[in-house]
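Number of protein chains: 2
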Amino acid sequence: MKNSKRKSDCPINFGLELFGDRWTFLIVRDLMFKGKHYFGEFVNSEEKIATNLLSDRLSMLESENMIFRSKDKNHKQKIIYKLTKKGIDLMPVLIEIIMWSALYDEKSAVDMNFVKMVNEDKEGLIKELTAHLISS
Amino acid sequence: MKNSKRKSDCPINFGLELFGDRWTFLIVRDLMFKGKHYFGEFVNSEEKIATNLLSDRLSMLESENMIFRSKDKNHKQKIIYKLTKKGIDLMPVLIEIIMWSALYDEKSAVDMNFVKMVNEDKEGLIKELTAHLISS
Numbered sequence: 001m002k003n004s005k006r007k008s009d010c011p012i013n014f015g016l017e018l019f020g021d022r023w024t025f026l027i028v029r030d031l032m033f034k035g036k037h038y039f040g041e042f043v044n045s046e047e048k049i050a051t052n053l054l055s056d057r058l059s060m061l062e063s064e065n066m067i068f069r070s071k072d073k074n075h076k077q078k079i080i081y082k083l084t085k086k087g088i089d090l091m092p093v094l095i096e097i098i099m100w101s102a103l104y105d106e107k108s109a110v111d112m113n114f115v116k117m118v119n120e121d122k123e124g125l126i127k128e129l130t131a132h133l134i135s136s
Numbered sequence: 001m002k003n004s005k006r007k008s009d010c011p012i013n014f015g016l017e018l019f020g021d022r023w024t025f026l027i028v029r030d031l032m033f034k035g036k037h038y039f040g041e042f043v044n045s046e047e048k049i050a051t052n053l054l055s056d057r058l059s060m061l062e063s064e065n066m067i068f069r070s071k072d073k074n075h076k077q078k079i080i081y082k083l084t085k086k087g088i089d090l091m092p093v094l095i096e097i098i099m100w101s102a103l104y105d106e107k108s109a110v111d112m113n114f115v116k117m118v119n120e121d122k123e124g125l126i127k128e129l130t131a132h133l134i135s136s
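Sequence order for the protein chains is Y and W.
Position one of the first sequence corresponds to residue 1 (this note's numbering), numbered consecutively onward.
Position one of the second sequence corresponds to residue 1 (this note's numbering), numbered consecutively onward.
Think of the hints as simulated: they come from the structure by calculation, not from any bench.
There's no promise every hint is true.
Stated by the list, open to error - Below 25 Å or equal to it, Euclidean Cα-Cα: the simulated BS3-like pairs (lysine-lysine) are:
| id | chain 1 | residue 1 | chain 2 | residue 2 |
| --- | --- | --- | --- | --- |
| 1 | W | Lys85 | W | Lys73 |
| 2 | Y | Lys107 | W | Lys36 |
| 3 | W | Lys107 | Y | Lys86 |
| 4 | W | Lys107 | W | Lys82 |
| 5 | W | Lys7 | Y | Lys107 |
| 6 | W | Lys116 | Y | Lys122 |
| 7 | W | Lys73 | Y | Lys85 |
| 8 | Y | Lys34 | W | Lys76 |
| 9 | Y | Lys7 | W | Lys71 |
| 10 | W | Lys36 | W | Lys7 |
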C-alpha cells in the first residue's frame, strides 16, 4: 500500500488496506497460531491458497514490515518466514475473530480450551503467545 | 456463504469467509461507528464504494443475518439498514483494528480520545456502544 493511494485516513480503512484480504489474514494465522514458517506449509493449508496469490501476499506483508524472511539455519537453501512485532500485534484482531466465530458458527473447529483461556485472561494469553513468537 | 462451500472449519476462516473483504468491513464500520443507515450514506463514504459492490455486500450481510433492513418510519419510501446483534458483536474485531492502526499508522485519523477510552475500559466501552446500537 502506498500512502498516496490511500482511500481515507480512517484507522479501520488503514488496517483493511494492509490486511483486509482473507488470504493475507490466513497467512498471518498460519504464522501466528499454526507454527508454519515455509512457503510449502502455507500452500498446504486447508484453504488451498494458489501459489501466485501466496507469493503476492508474502511480498506485500514483507514490504509492509509485517513479516520478514531469512535463510533457515538448518536448511540453508530454504527461506523461513516469521512475523515481525507489527505482525504479531495483529493477534488481538485474530483472537476477536476466533471469539466471534465461536459464538456464531455451530460447526466451528474452534478449540474450546482456547476460548476458555481467552475468557479467563485475554491479556495474559496475548502476552504469553507474543513472547513465544518473539523468542522463537 | 453456503456451509457446503466452506474451505475449512477454522474459526478464523469462518469469520473471513463472512466479512473478510474490506468493503464488507467498511459497511459494518459505517453502521457501527458513523451512524450511517442509508444506501446513499454508504455510497458517500470517503472510500467510494461502487454501487454494485455495495448492493452485493448489503445482500450478503442481510442473508447472513448481520444486518436487517426495514422501512424508515419517517420516510416510508426509504430503506433503513441496521446491524443485528450478530453484526454488533463484531465490535471487538473493529476496535482491535483501530488500536493496531493507531499504533502503526503515523497518518492515522484515529480519534485519540477513543483510543484512551479503549485503553481505560474496553469492556465498558463495548457494552455502552452495544446498548446504544441495540436501542437506536
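We went through each hint and held it up to the structure:
1. Lys85(W) x Lys73(W): Answer holds: lysine 85(W) to lysine 73(W) is near 21 Å, not above 25 Å.
2. Lys107(Y) x Lys36(W): Answer violated: lysine 107(Y) to lysine 36(W) is near 32 Å, above 25 Å.
3. Lys107(W) x Lys86(Y): OK: lysine 107(W) and lysine 86(Y) at ~16 Å, within 25 Å.
4. Lys107(W) x Lys82(W): With a Cα-Cα distance of about 30 Å, the restraint between lysine 107(W) and lysine 82(W) is violated, given a limit of 25 Å.
5. Lys7(W) x Lys107(Y): Within the cut-off at roughly 13 Å; holds.
6. Lys116(W) x Lys122(Y): The hint holds at about 19 Å.
7. Lys73(W) x Lys85(Y): Judged against 25 Å, a Cα distance of about 49 Å means the pair is violated.
8. Lys34(Y) x Lys76(W): violated, 51 Å
9. Lys7(Y) x Lys71(W): violated, 31 Å
10. Lys36(W) x Lys7(W): Violated - the C-alpha atoms of lysine 7(W) and lysine 36(W) are around 33 Å apart, more than 25 Å.
Comparing the model with each earlier hint shows violations of hints 2, 4, 7, 8, 9 and 10; every other hint is respected.
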